[in-house]
Amino acid sequence: MGELKRTGLYDLHIELGAKMVPFAGYEMPVQYPMGVMKEHLHTRAYAGLFDVSHMGQVILRGDDPAGALERLVPVALKALADGRQRYAMFTNDDGGILDDLMVANRGDHLFLVVNAACKDADIAHMRAGLPDCDVEVIEDRALLALQGPAAEAALAQIAPVADMTFMDVAVLSSDFGDLWVSRSGYTGEDGFEISVENSQAAALAKALLAIDAVAPIGLGARDSLRLEAGLCLYGNDIDTTTSPVEAALEWAVQKVRRTGGDRAGGFPGADRILAEFDQGSSRRRVGLLPETRAPMRAGTELFATEDATDPIGTVTSGAYGPSIEAPMSMGYVTTEHAATGTIIFGDVRGKRLRAKVADMPFRPSTYKR
Amino acid sequence: MKFTEEHEWLREEDGVMVVGITEHAAEQLGDVVFVELPEVGTEVSKDEEIVVIESVKAASDILSPLDGEIVEVNPMLEEDPGKVNEDAQGDAWFFKIKPSDLSPMDDYMDEAAYKTFIG
Numbered sequence: 010m011g012e013l014k015r016t017g018l019y020d021l022h023i024e025l026g027a028k029m030v031p032f033a034g035y036e037m038p039v040q041y042p043m044g045v046m047k048e049h050l051h052t053r054a055y056a057g058l059f060d061v062s063h064m065g066q067v068i069l070r071g072d073d074p075a076g077a078l079e080r081l082v083p084v085a086l087k088a089l090a091d092g093r094q095r096y097a098m099f100t101n102d103d104g105g106i107l108d109d110l111m112v113a114n115r116g117d118h119l120f121l122v123v124n125a126a127c128k129d130a131d132i133a134h135m136r137a138g139l140p141d142c143d144v145e146v147i148e149d150r151a152l153l154a155l156q157g158p159a160a161e162a163a164l165a166q167i168a169p170v171a172d173m174t175f176m177d178v179a180v181l182s183s184d185f186g187d188l189w190v191s192r193s194g195y196t197g198e199d200g201f202e203i204s205v206e207n208s209q210a211a212a213l214a215k216a217l218l219a220i221d222a223v224a225p226i227g228l229g230a231r232d233s234l235r236l237e238a239g240l241c242l243y244g245n246d247i248d249t250t251t252s253p254v255e256a257a258l259e260w261a262v263q264k265v266r267r268t269g270g271d272r273a274g275g276f277p278g279a280d281r282i283l284a285e286f287d288q289g290s291s292r293r294r295v296g297l298l299p300e301t302r303a304p305m306r307a308g309t310e311l312f313a314t315e316d317a318t319d320p321i322g323t324v325t326s327g328a329y330g331p332s333i334e335a336p337m338s339m340g341y342v343t344t345e346h347a348a349t350g351t352i353i354f355g356d357v358r359g360k361r362l363r364a365k366v367a368d369m370p371f372r373p374s375t376y377k378r
Numbered sequence: 015m016k017f018t019e020e021h022e023w024l025r026e027e028d029g030v031m032v033v034g035i036t037e038h039a040a041e042q043l044g045d046v047v048f049v050e051l052p053e054v055g056t057e058v059s060k061d062e063e064i065v066v067i068e069s070v071k072a073a074s075d076i077l078s079p080l081d082g083e084i085v086e087v088n089p090m091l092e093e094d095p096g097k098v099n100e101d102a103q104g105d106a107w108f109f110k111i112k113p114s115d116l117s118p119m120d121d122y123m124d125e126a127a128y129k130t131f132i133g
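Sequence order for the protein chains is A and B.
With my numbering applied, the first sequence covers 10 to 378.
With my numbering applied, the second sequence covers 15 to 133.
Rather than coming from a laboratory, the hints here were simulated on the basis of the structure.
From a predicted model like this one, the values you see are computed outputs, not experimental measurements.
Incorrect hints may appear among the rest.
[What the hints assert, rightly or not] With a straight-line Cα cutoff of 25 Å, these simulated SDA-like cross-link-like pairs (lysine to any residue) come out: (1) B:Lys71 x A:Phe32; (2) A:Lys28 x B:Val66; (3) B:Lys71 x A:Gly44.
[What the hints assert, rightly or not] Residues from chain B shown here face chain A by an in silico Cβ test under 7 Å; the list is partial: (4) Gly44; (5) Phe48; (6) Glu68; (7) Val70.
In this text, a Cβ means the ideal position worked out from N, Cα and C, and glycines have one as well.
Turn these sequences into a full structure, and let the hints steer you where they fit.
Here is the structure:
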């Protein structure tokens, strides 16, 4: 392990009283004095500001960067309109997921946001797989997320964002330089992700935090917010051993890339992934609502009955949901146990506790469509 | 009131010891969302893990500070585990134990010593 890196907002986090923890090679705020539970509820009621500068920002240029990137992802990008963003995942030859990412069409290039822990590997993967593209890693910009029902009104004080809808992207000039804004996030709330020059990042964050509705939110609440929204955490809920079909991410693979589509296949692992579209997979990612108050955390083994000896799956994320006021988990179970409403059992400290397979998101999302 | 290095407090009440966790411990744990308490009537040994506290961050174990029998648990914590964050050294006690050996009490700290211990 090398030295931990710091984002451009490190000093501000300390000033705000954050508790810092190592995360994906960075020193990041896990919580502020408000605490995880209140930060979570504040984001749902007003607006939360997150430092996500540890994530990788990449620009892809070339004659046809969308067509080129389609060789690495099972997602339709050629039809992605200028000013629009789409969720995607890099797959490997076995049909597993190398990382999940956001891809935005910004006219003459694509702008990508990738996970912090995967960014070096992703960049190497693109440089190797896309010799017809220039892969530019953006090192001089921070990334903030502003999430919650008050996010639009808050950011509108700084840049004209009110006309954007979910998954729109725009470059907007502001007192803090050009902002690369997308109307998206990782909480299930309406909100924005904002790429800003490092030199302006702390000033922008302070301007947003000066608005009454906006509070700083750490990684702790970020995790419970995304789990309530049913969103995957790479490394927990999806990884190289899970395929997009197993992960219940079929919605992210457009018809044109599936069997019978005009650009079917042509991405790593297509044989397995397309076969799973036709035949189903043997296991599936599902939501779970434990019937007692005990959270079923990542690693909890799942069983079909109270006394079965062979597990049918494992929890990959689990926590208490402050907004749903109940514990919640997601995990993989064999397909025969994946139907909504199925009762299964989690082994929590040697006790078999009931849980019900549930639809996700656990709390309805409030994206501005 | 006495304090352990495991951040528990013990208070004598009618011949039994009332046990909870300290305000300092509650603050370190963060928002408590679930408490699993032992069964009344259980015979426990000192340092046995008898309570599980789940906070928004993680699960933690609470060790029995004494040998003895659990004679009462706090039903409030099943309904409102967040009480641990509000009143750790008052209403949010965990269990009452009828001790069979009080000698470990000599090793436990008074409030001043505990404050020094947590710095």
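For each hint given before, does the structure comply? Return the numbers of the non-compliant ones in rising order. none
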